[in-house]
Amino acid sequence: MLRTDLPKIITETLPGPKAKALIDRRKAATPTAIGCVYPVAIARGEGAMIEDVDGNKFLDWIGGVGVLNIGYSQPEVVEAVKEQADKYFHGMFNIVTHEGYVALAEKLSQIAPVKGDKKKAFFANSGAEADENAVKVAKAFTKRNHIIVFSGAFHGRTLLTMSMTSKKAYAIGMGPFPDGVYRAQFPYYYRNPEGMPQEKACDYYLSSIQAVFEQCAPADTIAAIVVEPLQGEGGFIPAPIEWVKAVRKICDDNGILLVADEVQSGFCRTGRMFATDYWKEAGVQPDIIATAKSIAAGVPLSAIIAREEIMEAPAKGTIGGTFCGNALACAAALKTIEIMERDHLADRSLEIGKKVTDRYHEWQKKYRCIGDVRGLGGMIGLELVKDQEGKEPDAPLTAALIQECAKNGLLVENAGTYGNVVRFLGPLVMTDEQLEAGLEIMEKALVKCMEEE
Numbered sequence: 001m002l003r004t005d006l007p008k009i010i011t012e013t014l015p016g017p018k019a020k021a022l023i024d025r026r027k028a029a030t031p032t033a034i035g036c037v038y039p040v041a042i043a044r045g046e047g048a049m050i051e052d053v054d055g056n057k058f059l060d061w062i063g064g065v066g067v068l069n070i071g072y073s074q075p076e077v078v079e080a081v082k083e084q085a086d087k088y089f090h091g092m093f094n095i096v097t098h099e100g101y102v103a104l105a106e107k108l109s110q111i112a113p114v115k116g117d118k119k120k121a122f123f124a125n126s127g128a129e130a131d132e133n134a135v136k137v138a139k140a141f142t143k144r145n146h147i148i149v150f151s152g153a154f155h156g157r158t159l160l161t162m163s164m165t166s167k168k169a170y171a172i173g174m175g176p177f178p179d180g181v182y183r184a185q186f187p188y189y190y191r192n193p194e195g196m197p198q199e200k201a202c203d204y205y206l207s208s209i210q211a212v213f214e215q216c217a218p219a220d221t222i223a224a225i226v227v228e229p230l231q232g233e234g235g236f237i238p239a240p241i242e243w244v245k246a247v248r249k250i251c252d253d254n255g256i257l258l259v260a261d262e263v264q265s266g267f268c269r270t271g272r273m274f275a276t277d278y279w280k281e282a283g284v285q286p287d288i289i290a291t292a293k294s295i296a297a298g299v300p301l302s303a304i305i306a307r308e309e310i311m312e313a314p315a316k317g318t319i320g321g322t323f324c325g326n327a328l329a330c331a332a333a334l335k336t337i338e339i340m341e342r343d344h345l346a347d348r349s350l351e352i353g354k355k356v357t358d359r360y361h362e363w364q365k366k367y368r369c370i371g372d373v374r375g376l377g378g379m380i381g382l383e384l385v386k387d388q389e390g391k392e393p394d395a396p397l398t399a400a401l402i403q404e405c406a407k408n409g410l411l412v413e414n415a416g417t418y419g420n421v422v423r424f425l426g427p428l429v430m431t432d433e434q435l436e437a438g439l440e441i442m443e444k445a446l447v448k449c450m451e452e453e
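In terms of the working numbering, the sequence shown opens at residue 1 and continues consecutively.
Please keep in mind that the hints were generated in silico from the structure rather than gathered at the bench.
There could be a bad hint or two in this list.
Derived DSSO-like pairs (lysine-lysine); straight-line CA-CA distance at most 27 Å [what the hints assert, rightly or not]: (1) Lys316 - Lys386; (2) Lys245 - Lys87; (3) Lys391 - Lys355; (4) Lys355 - Lys18; (5) Lys115 - Lys139; (6) Lys365 - Lys386; (7) Lys57 - Lys391; (8) Lys316 - Lys107; (9) Lys444 - Lys57; (10) Lys354 - Lys249; (11) Lys355 - Lys407; (12) Lys386 - Lys167.
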């Protein structure tokens, strides 16, 4: 049964003949700018496993880039979508009320750790749309025009979110961009300025927010500060709680809303339902959460949650859209959250995360190329460097490692400003045997790639 199988490559080459034929068709029919470096053409998926069209079996530690926290083809979610499909596929929420949308909004308002007693939620289709709508709502509420984002940030590929995203490789040839988006420094403690004492680091990064106020836009013109609780594309860097508390105070002192981009970090990925649950435990809460990815087990859906007074600020017709809160997606999301809570997937995330982190730390002691290990729960980054003392990023080694892992049936992906971080986003339903098999594949691949450098 694929759900409990281990990785196994049966073709002499990757991609195999059937996969190569399909990949060649892809090249002829679709833009190369979409990008794909993996020799895999999926035939089916179950749990944490993919079987390709040639019968090769891969353990997937990318999980649709954080979409498949409950794995591929979860039977109960499949059944929930089928049951909804028997009734109707779509009922545009601007026109008719359907119960799935309402029930999901109620559930998210119950569990999302945003400030306020009375909360509301609405839906879009992608993470970028969620982020963009969060900014729209913040501007409507504050009557201000500007926002602050951070170095290393990734918020999407719409025109606004490309301007919010730090890495401009994602925005080549797409300008001009909207104005009023200003960037401060995210606290990347592993790469603090040389010689900086650790106790000075938090103040150093906070000072860059004050610099925005002084040099770009006064504090009373800023609608929102938008932050990822744990940066994804930026390199799987958790926001330090001491820094989050200070940012919350800056927001409170200046009438600014704090927006948490939980597109990738939500839905049990970090060992809590939301990464901002860690904030709440420390006495800090965001004003708005934007989330997506694993919310509906692969059906396109995203959500924006905030307290009622914020949500009631936008003018009629300025939020919503044709497919936002689609009935099939809402059915999938309701069942997905039910399974996550019932099966304690946040706890499973902590278990998996500890095993992976412990193993990575063992490697760090053995291999000069392991610079840093960081993350929350089952969202873990492994930063590869030329050597541990100099910390020079080693993107070529990272790229080689990804390809060598794929050849042996393990799919992993890079991240980071320098392309030198291997991210762990494996489905939280993988078996212990699959986890161990993946770690063995990765270590063997790492040793081989180091020897070939």
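Here's how the hints hold up against the structure:
| no. | hint | verdict |
| --- | --- | --- |
| 1 | Lys316 - Lys386 | 55 Å, violated |
| 2 | Lys245 - Lys87 | 47 Å, violated |
| 3 | Lys391 - Lys355 | 25 Å, holds |
| 4 | Lys355 - Lys18 | 36 Å, violated |
| 5 | Lys115 - Lys139 | 17 Å, holds |
| 6 | Lys365 - Lys386 | 15 Å, holds |
| 7 | Lys57 - Lys391 | 35 Å, violated |
| 8 | Lys316 - Lys107 | 24 Å, holds |
| 9 | Lys444 - Lys57 | 18 Å, holds |
| 10 | Lys354 - Lys249 | 32 Å, violated |
| 11 | Lys355 - Lys407 | 24 Å, holds |
| 12 | Lys386 - Lys167 | 22 Å, holds |
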